[in-house]
Amino acid sequence: DAGVTQSPTHLIKTRGQQVTLRCSPKSGHDTVSWYQQALGQGPQFIFQYYEEEERQRGNFPDRFSGHQFPNYSSELNVNALLLGDSALYLCASSSRANEQFFGPGTRLTVL
Amino acid sequence: DQQVKQNSPSLSVQEGRISILNCDYTNSMFDYFLWYKKYPAEGPTFLISISSIKDKNEDGRFTVFLNKSAKHLSLHIVPSQPGDSAVYFCAASEGDDKIIFGKGTRLHILP
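Note that the protein sequences, when read in sequence, are chains A and B.
The numbering of the first sequence is the numbering used here, which starts it at 1 and goes up by one.
The numbering of the second sequence is the numbering used here, which starts it at 112 and goes up by one.
Keep in mind the hints are simulated off the structure, nothing from the lab.
Any given hint might turn out to be false.
Residues from chain B that face chain A, not an exhaustive set, calculated with beta carbons under 8 Å [claimed, not checked]:
| id | residue |
| --- | --- |
| 1 | P151 |
| 2 | P155 |
| 3 | S160 |
| 4 | K214 |
Restricting the straight-line Cα-Cα distance to at most 27 Å, the calculated cross-link-like pairs of lysine-lysine (BS3-like) are [to be verified]:
| id | chain 1 | residue 1 | chain 2 | residue 2 |
| --- | --- | --- | --- | --- |
| 5 | B | K179 | A | K26 |
| 6 | A | K26 | B | K214 |
| 7 | B | K179 | B | K209 |
Backbone N, C-alpha and C define an ideal beta-carbon position, used for all residues, glycine too.
Make a model of the complete structure from these sequences and hints.
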């Protein structure tokens with residue numbers, strides 16, 4: 001079992017650009033959650049996808065959007081990047097239980 | 112407004128001694144609490160959890176204590192080992208709602 005995988009590992013973008021991050025959940029998991037972890041902070045919930053629909057959303061602007069595919073994998077899209085979007089983006093998968101399994105994250109740097 | 116607070120950014124403990132990590136929360140509706148451990152360049156790893164109907168849960172060297180009246184939980188690691196050096200995140204959720212994380216405590220196990 002490969003666990004939760006995320007791509008790419010690192011990414012450098014400039015302000016105003018758009019970015020797409022990808023996540024494959026752990027085998028048997030159907031729910032994917034995305035988190036943003038800024039330096040020195042804990043992970044902050046962005047949104048959660050289940051059955052290809054956004055089920056819950058945290059306090060993030062509409063520039064942050066996502067998608068879940070029939071195979072349960074997911075994408076996080078961020079438009080009009082700001083310097084403050086620089087962070088580690090974590091994907092977590094679960095099977096409708098509280099315990100979430102995290103991927104290694106994608107480190108996004110916005111210049 | 113931080114609903115989950117870890118007031119100690121770091122903690123140093125001698126190898127073999129007990130490590131106690133503390134966490135406070137403000138939302139009395141939280142009914143599930145979790146501890147995650149994070150090494151550099153990896154995603155958070157689930158460590159142990161506790162439901163609000165319990166006041167203690169033990170798993171090997173790790174024990175979590177919950178004091179609902181004080182809205183406080185703690186993670187005890189005994190005996191502490193070098194491999195326990197990591198950042199520990201306290202987290203909480205209400206039902207199937209999103210998981211809220213604290214800012215983390217960096218634990219250093221000293222030889």
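Against the structure, the hints:
At about 11 Å, the closest approach between the beta carbon of P151/B and any beta carbon in chain A exceeds 8 Å, and the interface hint on this residue is violated. At about 5 Å, the closest approach between the beta carbon of P155/B and any beta carbon in chain A falls short of 8 Å, and the interface hint on this residue holds. At a threshold of 8 Å, the smallest CB-CB gap from S160/B to chain A is about 7 Å, leaving the interface hint in force. Interface restraint check: K214/B against chain A, minimum CB-CB distance 5 Å, threshold 8 Å, status holds.
Of the pairs offered as hints, the one joining K179/B and K26/A is violated, with about 33 Å between alpha carbons and a cut-off of 27 Å exceeded. A threshold of 27 Å between alpha carbons decides the hint, and for K26/A with K214/B the separation of about 25 Å falls inside it, so the pair holds. Straight-line distance between C-alpha atoms of K179/B and K209/B comes to about 20 Å, which keeps the hinted pair within the 27 Å bound.
The structure fails hints 1, 5 (numbered hints given earlier, in ascending order).
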